[in-house]
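Novice: The primary structure of each chain is shown beneath.
Number of protein chains: 2
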Amino acid sequence: MNREEVLLLIHRVYNFNPGPATLPLPVLEKAREELLDYRGTGMSVMEISHRSSDFEEIITSAEASFLELAGLNNRDYRVLFLQGGASLQFMMVPYNFLPDGKTADYIETGIFAEKAQKEASRIGKTHIAASTKDTGYRSIPRQKDLSFSPDPAYVHLTTNNTIYGTQWKYIPDCGDVPLVADMSSDILSREIDLTKFSLFYAGAQKNLGPAGVTAVVIRKSMLERVPENIPNIFSYKVHAESGSLYNTPPCFPIYILQLVMEWLKDQGGLKAIEILNEKKALLIYEAIDRSENFYRGHAQKECRSTMNITFRLPDEKMEKLFLEEAAKEGLMGLKGHRSVGGIRASIYNAMPLEGCETLAQFMEDFCNKHKA
Amino acid sequence: MNREEVLLLIHRVYNFNPGPATLPLPVLEKAREELLDYRGTGMSVMEISHRSSDFEEIITSAEASFLELAGLNNRDYRVLFLQGGASLQFMMVPYNFLPDGKTADYIETGIFAEKAQKEASRIGKTHIAASTKDTGYRSIPRQKDLSFSPDPAYVHLTTNNTIYGTQWKYIPDCGDVPLVADMSSDILSREIDLTKFSLFYAGAQKNLGPAGVTAVVIRKSMLERVPENIPNIFSYKVHAESGSLYNTPPCFPIYILQLVMEWLKDQGGLKAIEILNEKKALLIYEAIDRSENFYRGHAQKECRSTMNITFRLPDEKMEKLFLEEAAKEGLMGLKGHRSVGGIRASIYNAMPLEGCETLAQFMEDFCNKHKA
Chain A
1 MNREEVLLLI
11 HRVYNFNPGP
21 ATLPLPVLEK
31 AREELLDYRG
41 TGMSVMEISH
51 RSSDFEEIIT
61 SAEASFLELA
71 GLNNRDYRVL
81 FLQGGASLQF
91 MMVPYNFLPD
101 GKTADYIETG
111 IFAEKAQKEA
121 SRIGKTHIAA
131 STKDTGYRSI
141 PRQKDLSFSP
151 DPAYVHLTTN
161 NTIYGTQWKY
171 IPDCGDVPLV
181 ADMSSDILSR
191 EIDLTKFSLF
201 YAGAQKNLGP
211 AGVTAVVIRK
221 SMLERVPENI
231 PNIFSYKVHA
241 ESGSLYNTPP
251 CFPIYILQLV
261 MEWLKDQGGL
271 KAIEILNEKK
281 ALLIYEAIDR
291 SENFYRGHAQ
301 KECRSTMNIT
311 FRLPDEKMEK
321 LFLEEAAKEG
331 LMGLKGHRSV
341 GGIRASIYNA
351 MPLEGCETLA
361 QFMEDFCNKH
371 KA
Chain B
1 MNREEVLLLI
11 HRVYNFNPGP
21 ATLPLPVLEK
31 AREELLDYRG
41 TGMSVMEISH
51 RSSDFEEIIT
61 SAEASFLELA
71 GLNNRDYRVL
81 FLQGGASLQF
91 MMVPYNFLPD
101 GKTADYIETG
111 IFAEKAQKEA
121 SRIGKTHIAA
131 STKDTGYRSI
141 PRQKDLSFSP
151 DPAYVHLTTN
161 NTIYGTQWKY
171 IPDCGDVPLV
181 ADMSSDILSR
191 EIDLTKFSLF
201 YAGAQKNLGP
211 AGVTAVVIRK
221 SMLERVPENI
231 PNIFSYKVHA
241 ESGSLYNTPP
251 CFPIYILQLV
261 MEWLKDQGGL
271 KAIEILNEKK
281 ALLIYEAIDR
291 SENFYRGHAQ
301 KECRSTMNIT
311 FRLPDEKMEK
321 LFLEEAAKEG
331 LMGLKGHRSV
341 GGIRASIYNA
351 MPLEGCETLA
361 QFMEDFCNKH
371 KA
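In the order they appear, the protein sequences are chains A and B.
First residue of the first sequence? That's 1 in our numbering, and the numbers climb one at a time after it.
First residue of the second sequence? That's 1 in our numbering, and the numbers climb one at a time after it.
Same shape as in the complex, but just chain A (with noise of 0.2 Å):
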């Protein structure tokens, strides 16, 4: 059989889970026909081992497509590919810079920015600079609400907000304290100075893989901070002398989000996936506005993220009935956060153009019969 052939055997859905997420067709594909033999080892890519010539081209070629899409250059940035998620990371980025009597800065826009901060509390002193909270983490807070601390050891963001749908639009500016960021659910989704930033992380599952592996990109002159007698597992320069093979590392993941960036060079990279997550934004932003209320965008309008749309019905039975269509239209994963509730239709990097569009005009049809 060839491609086509097999395509139309195979069920696939317009996936719009906010993570683990859609993944590119033919990254799968790659993927399913290597399964039992990569690239004529005989032996299936979980099972060589992750100090093989083999295994050594994916991780090195993973570091360089990322930087190269990153816009960043391998004299000034290392990334590391870790186990543990972002929710490892908000550990240890206070374990490796955050050292006895500094503080550090955290600007609160949702649960995952309160845990970031939470956690890093049980490692030393931290400060909120700003915080959205009271109003129902609907917005970014605007530079002049930025209220740092003195001398912080970092301050700490979450540049998108898969919860509220909420994006940074700007990169604050906090002189030289090194800015932190975790980057989730929008890295590698569009076209940013990254260089401002001294840290970034991200759990894969959404831009850029599966789940199982983080990626880190940190400043080289970061690591010479990293104090000699924390644990070697949580010490970014262990991990970046070792190149991430420190101990073994998650290599299927890896693989697979080798595959992705391949993908996404093959796309023409960040600012060709900016224009196209715009477009896709908002052919959805637009069905919501044009509904007069009967869809309610969640995010205040400058503070619109590109990557998670969420948006309530008049009341729970309709949002109920539009998951059930919407499913019955093979649109998946669009429930909303239980803290928002109502609909979120994720839409990273993978999601086609076309699930955007059957999805706007799904909500087009949806509220033209059920808008009283």
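Worth flagging that the hints you see were computed from the coordinates, not collected in a lab.
Careful: at least some of the hints might be erroneous.
[Claimed, not checked] Result set (SDA-like, lysine to any residue): computed pairs, CA atoms no more than 25 Å apart in a straight line:
(1) K237/A to E224/B
(2) K118/B to L223/A
(3) K320/A to I171/B
(4) K118/A to T41/B
(5) K237/A to P231/B
(6) K115/A to T41/B
(7) K335/A to T41/B
(8) K118/A to D100/B
(9) K328/B to K335/A
For clarity, every value in this text was computed on a predicted model and none was experimentally measured.
Chain A is fixed; fit chain B onto it per the hints.
Specialist: The following block gives chain B in isolation, referenced to the frame of chain A:
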């Protein structure tokens, strides 16, 4: 094509890698079959939500099958599926169970046992209850060689030492003190009384599945000892209460692990696999012993592992030739660890008997050809 026809087209070797290691072929075939559409969901298992009923079924079934195979009941034990490998457990064990003022006892039987003790010593006080380092880690201490501290918080051991090819053949008696074990390289490979352990853990990439997931089996009563003030991400209690879903788990590795558990049950469980593993190991040890010192085993005979078989040849040149000629026969991954040198055959559960027969025959032929 039917299964036999497909397999004829697939190049597969005998893979003696120490981990990541060979996986059961039926597991890989199942994963391949479901890779683009997991059981009618229209999504890959990498794309489904970790909070979906589909994934719930995978992780619940993985835990139940694991306990069933291990001969443990779910009233007293939990299995957690975490990230970070055994190396993160080296930290989590003392974080949870080594309070200030107490000492934890470690038994040194190899580099990984050393690492476990060293990482713990950054958290609290440790004591080395026995060590076989002086004799090149060729043996396992006897019960009478163990010298425990007065009132240890726990005793930690490594049941199988991958690098040296040694394995504990008894479970040490340490009275009421909780016994904790790193079982990364022999977990679920033999029938032993696992109720003697309060906690045991294993990186999956040897006997359980692919790299990227770590199984931690914990007696429920131990959870009451976990301090409330440790970071959530390190707390066994937090992970147990959330059913390993405190943060996004490594879904795909857990899925493969679950398939491996099903496969292991199909093989007849631990008693059956133990008999097979002993038969497999014996074939290779006999080839060593029959060679009249052409092959020299590293481990003392009474401590020989059924999982990793380590041996040297007369010189390094001969070892190089051995590896080259073995590779020509499709016998891969046989290079020993740099600290022992020579040859290492890792023959975990998923290595078929035919692989060991082929290797033993190759060893005999090679010996006959090259013995002076």
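Novice: Of all the hints numbered above, which does this structure not satisfy? Sort the numbers upward.
Specialist: 1, 3, 4, 6 and 9
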